[in-house]
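Visitor: Spelled out, the chains give:
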Amino acid sequence: MSLQSALERLATYRANNTRASQDIFRNGLLALQKSSFKKLGDDGWACLEQLTLASIDVGRLDIADQCLQLIADKFPNSPRVDCLIGIRMEATEPPETALKYYADILEADSANVAIWKRRISVLRRTGKVEKAVNELVQFLDTFYTDVEGWLELADIYASCNQYDHSLQALSHVLLLTPQNPFYVLQAAETAYTSEDFPLAIKMFLTVVDMTDADDSEQLLQESTPLGITVRAWFGVKLCTRRIAQNANLKSLSNTSAPKNLELLDELATERLRVAYSSSGQKGEIAKGRQEVFAWVATPLV
Amino acid sequence: MIGKLFLTLATLALLHAAYSTYEHLSLLKALGKPEGSLPLDIVYESILALILGLLGASLNAPPLKDITWASEMKKRTIDGMDSRLGFAHYKSRGKFLFASPRDSKS
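Going line by line, the protein sequences match chains P and C. Anchor point for the first sequence: position 218 equals 218 in the UniProt record's numbering, and the numbering is continuous, going up by one each time. Anchor point for the second sequence: position 25 equals 25 in the UniProt record's numbering, and the numbering is continuous, going up by one each time.
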């Protein structure tokens with residue numbers, strides 16, 4: 001694995017916000033040992049920060065301390081470095097120490113986004129969920145456009161089984177990032193869990209529309225659904241089942257049930273069959289194909 | 001590869017034409033008629049360098065990327081979209097799972 005490819009992988013991880021700590025640690029350590037971070041300029045410091053966080057995650061605190069020392073020497077009074085020091089503190093010290101450190105910084109500058117987020121994260125981790133939610137709501141009142149914050153709120157509510165509140169938080173996410181099908185999928189699945197099947201089926205079909213509606217490609221019958229489109233079609237199928245079983249549904253969001261339920265069901269069945277019929281790289285059949293075919297073949301009611 | 005080759009040839013041709021012009025101008029100055037016209041072959045060489053350079057730059061361009069959101073979203077994963085790195089917990093089991101044996105003395 002060459003240095004160039006390692007640095008490219010690190011840059012891709014940074015752009016896509018993935019948390020692949022083991023891989024980042026392996027690639028970053030290679031770059032660190034060849035001390036090539038200095039040659040990259042601004043990107044090199046971002047890579048070093050990424051390596052610090054990955055080494056804390058993986059448990060290699062010696063490498064984390066080394067990287068942190070390099071960064072702190074270069075940027076002495078930076079709030080971003082304060083945040084890294086706080087994270088390093090969280091990993092070994094008891095949570096009260098970290099909370100006190102964050103409280104001190106927030107007293108000096110009460111609008112420090114990164115430190116506030118870390119404080120909320122520590123509160124959630126130590127089980128003070130109500131306090132975490134209150135702080136998070138206060139944070140989101142101040143910084144409305146923070147998508148990460150709304151997603152975290154939705155996650156906290158979902159973990160406490162309050163799916164309606166989770167859906168409300170996700171609706172803010174959808175307002176802020178309307179082009180993102182992943183969040184629509186999350187909202188659809190949350191709606192399904194809170195038994196609002198008409199809303200869920202509408203959202204699943206929106207996900208299909210967003211991810212698969214490429215007019216320049218061939219007719220819909222000829223293209224195979226891939227990725228989260230398959231997950232959305234599974235959701236459509238599940239929703240049609242539940243709507244058909246329950247004649248008098250009450251939808252919390254007052255959404256009306258779809259008119260052509262059987263046709264939707266047939267369409268979902270066909271799309272799932274196509275998705276699982278495509279052969280893999282060596283002509284092998286898709287995993288679970290038999291189970292999927294058997295499941296979609298069961299009748300609607 | 002061909003793009004880079006064309007670009008190199010075009011640069012060399014342009015430099016050569018420039019140097020020839022300079023030499024020609026110094027010749028005219030030496031002969032005492034500083035307003036003579038540029039010989040045609042230098043002009044042709046410059047135009048050839050222009051065409052070759054255009055071809056080389058177009059062929060040397062990196063592959064085009066899609067501009068629609070849908071095509072960008074096809075490359076992302078659910079884990080990437082849901083990572084919420086600002087709120088991530090760094091006190092995890094990673095310390096015990098991934099530490100090498102000599103670190104586990106504590």
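Note that these hints are calculated values from the structure, not bench results. The reader is advised that the hints may include incorrect statements.
Stated by the list, open to error - Sample of chain C residues lacking proximity to chain P, with all beta carbon distances greater than 12 Å (derived): (1) Leu14; (2) Ala17; (3) Glu35; (4) Leu52; (5) Gly53; (6) Met73; (7) Met81; (8) Leu97.
As the list claims (entries may be wrong) - Once the Cα atoms are required to be at most 25 Å apart in a straight line, the calculated SDA-like pairs of lysine to any residue come out as: (9) P/Lys131 to C/Lys74; (10) P/Lys287 to P/Leu238; (11) P/Lys282 to C/His89; (12) C/Lys75 to P/Glu135; (13) P/Lys259 to P/Ser279; (14) C/Lys95 to P/Leu29; (15) C/Lys4 to P/Ser5; (16) C/Lys65 to P/Asn16; (17) C/Lys95 to P/Glu135; (18) C/Lys95 to P/Val274; (19) C/Lys65 to P/Tyr276; (20) C/Lys75 to P/Thr12; (21) P/Lys100 to P/Asp43; (22) P/Lys202 to C/Glu72; (23) P/Lys131 to C/Lys75; (24) C/Lys74 to P/Lys74; (25) C/Lys95 to P/Asn161; (26) P/Lys74 to C/Leu38; (27) C/Lys91 to P/Asp23; (28) C/Lys74 to P/Ser36; (29) P/Lys100 to C/His89; (30) C/Lys75 to P/Arg125; (31) P/Lys131 to C/Lys65; (32) C/Lys91 to P/Ile63; (33) C/Lys75 to P/Glu8; (34) C/Lys75 to P/Pro95; (35) C/Lys95 to P/Ser223; (36) C/Lys74 to P/Tyr101; (37) C/Lys75 to P/Val274; (38) C/Lys75 to P/Ala275; (39) P/Lys202 to C/Arg76; (40) P/Lys128 to P/Asn161.
The structure presented is a predicted model; accordingly, all values stated were derived computationally and were not measured. Heads up, the beta-carbon is just placed ideally off N, CA and C, and yes, glycines get one too.
Visitor: If a hint holds in the structure, say so; if it doesn't, say that too.
Guide: Here is what the structure says about each hint:
Taking the minimum C-beta to C-beta distance to chain P, about 31 Å, the non-interface status of leucine 14 of chain C holds against the 12 Å cut. Separation of alanine 17 of chain C from chain P is adequate, the least Cβ-Cβ distance of about 37 Å exceeding the 12 Å criterion. Every beta carbon of chain P lies more than 12 Å from that of glutamate 35 of chain C, the smallest distance being close to 50 Å; the non-interface claim holds. Annotated as non-interface, leucine 52 of chain C keeps its C-beta farther than 12 Å from every C-beta of chain P; the closest such distance is 30 Å.
The Cβ of glycine 53 of chain C lies farther than 12 Å from every Cβ of chain P, with a closest approach of about 28 Å, so its non-interface assignment holds. Under the 12 Å C-beta cut-off, the non-interface status given to methionine 73 of chain C relative to chain P is violated; the minimum distance is some 6 Å. With a least beta-carbon separation of about 4 Å from chain P, methionine 81 of chain C fails to lie farther than 12 Å from that chain, contradicting its non-interface assignment. Not every Cβ of chain P is farther than 12 Å from the Cβ of leucine 97 of chain C; the closest lies at roughly 7 Å, contradicting the non-interface assignment.
Between the alpha carbons of lysine 131 of chain P and lysine 74 of chain C the distance comes to roughly 37 Å, so the proposed pair goes past 25 Å and is violated. Taken as a hint, the lysine 287 of chain P and leucine 238 of chain P pair is honoured in the structure, with Cα atoms around 20 Å apart against an allowance of 25 Å. Among the hinted pairs, lysine 282 of chain P with histidine 89 of chain C is inconsistent with the structure: their alpha-carbon atoms are about 40 Å apart, more than 25 Å. The hinted pair formed by lysine 75 of chain C and glutamate 135 of chain P fails the criterion: a straight-line CA distance of about 34 Å is larger than 25 Å.
The hinted pair formed by lysine 259 of chain P and serine 279 of chain P fails the criterion: a straight-line CA distance of about 35 Å is larger than 25 Å. Note on lysine 95 of chain C and leucine 29 of chain P: the hinted pairing holds, with a Cα-Cα distance of about 17 Å set against a maximum of 25 Å. A C-alpha spacing of about 23 Å is found between lysine 4 of chain C and serine 5 of chain P, which places the hinted pair at or below 25 Å, so the restraint holds. As the CA atoms of lysine 65 of chain C and asparagine 16 of chain P are separated by approximately 16 Å, the hinted pair is consistent with the 25 Å bound.
The straight-line distance between the Cα atoms of lysine 95 of chain C and glutamate 135 of chain P is roughly 29 Å, outside the 25 Å bound, and the hint therefore fails. Between lysine 95 of chain C and valine 274 of chain P the alpha-carbon distance is near 43 Å, which puts this suggested pair outside the 25 Å criterion. Distance restraint check for lysine 65 of chain C and tyrosine 276 of chain P: the Cα-Cα separation of roughly 29 Å exceeds the 25 Å cut-off, and the hinted pair is therefore not satisfied. In summary, the hint linking lysine 75 of chain C to threonine 12 of chain P is supported, as the alpha carbons are separated by about 11 Å, within the 25 Å threshold.
The hinted pair formed by lysine 100 of chain P and aspartate 43 of chain P fails the criterion: a straight-line CA distance of about 32 Å is larger than 25 Å. Restraint check for lysine 202 of chain P and glutamate 72 of chain C: the C-alpha separation of about 23 Å stays at or below 25 Å, so the hint holds. Restraint check for lysine 131 of chain P and lysine 75 of chain C: not satisfied, since their Cα atoms lie roughly 37 Å apart, outside the 25 Å limit. Proximity of lysine 74 of chain C to lysine 74 of chain P is assessed by CA-CA distance (about 38 Å); at most 25 Å being required, the pair is judged violated.
Simply put, lysine 95 of chain C and asparagine 161 of chain P have alpha-carbon atoms about 30 Å apart, too far for the 25 Å limit, and the pair is violated. This hinted pair does not check out: lysine 74 of chain P and leucine 38 of chain C have alpha carbons roughly 57 Å apart, beyond 25 Å. Simply put, lysine 91 of chain C and aspartate 23 of chain P have alpha-carbon atoms about 18 Å apart, close enough for the 25 Å limit, and the pair holds. The straight-line distance between the Cα atoms of lysine 74 of chain C and serine 36 of chain P is roughly 32 Å, outside the 25 Å bound, and the hint therefore fails.
The hinted pair formed by lysine 100 of chain P and histidine 89 of chain C meets the criterion: a straight-line CA distance of about 17 Å does not exceed 25 Å. For the proposed pair lysine 75 of chain C and arginine 125 of chain P, the alpha carbon gap of about 31 Å is over 25 Å, so the pair is violated. Distance hint between lysine 131 of chain P and lysine 65 of chain C is unfulfilled; the C-alpha atoms sit about 45 Å from each other, more than 25 Å. Restraint check: the Cα-Cα separation between lysine 91 of chain C and isoleucine 63 of chain P comes to about 16 Å, which is no more than 25 Å; the hinted pair holds.
Of the pairs offered as hints, the one joining lysine 75 of chain C and glutamate 8 of chain P holds, with about 16 Å between alpha carbons and a cut-off of 25 Å not exceeded. Note on lysine 75 of chain C and proline 95 of chain P: the hinted pairing is violated, with a Cα-Cα distance of about 37 Å set against a maximum of 25 Å. Between the alpha carbons of lysine 95 of chain C and serine 223 of chain P the distance comes to roughly 45 Å, so the proposed pair goes past 25 Å and is violated. About 41 Å separates the Cα atoms of lysine 74 of chain C and tyrosine 101 of chain P, which puts this hinted pair outside 25 Å; it is violated.
For the hint linking lysine 75 of chain C to valine 274 of chain P, the alpha-carbon distance of about 21 Å falls within 25 Å, and the restraint holds. Under the criterion of a C-alpha separation no larger than 25 Å, the hint pairing lysine 75 of chain C with alanine 275 of chain P is consistent with the structure, at around 18 Å. For the proposed pair lysine 202 of chain P and arginine 76 of chain C, the alpha carbon gap of about 23 Å is at most 25 Å, so the pair holds. Of the pairs offered as hints, the one joining lysine 128 of chain P and asparagine 161 of chain P holds, with about 16 Å between alpha carbons and a cut-off of 25 Å not exceeded.
Hints 6, 7, 8, 9, 11, 12, 13, 17, 18, 19, 21, 23, 24, 25, 26, 28, 30, 31, 34, 35, 36 from the earlier list are contradicted by this structure; the remaining hints agree with it.
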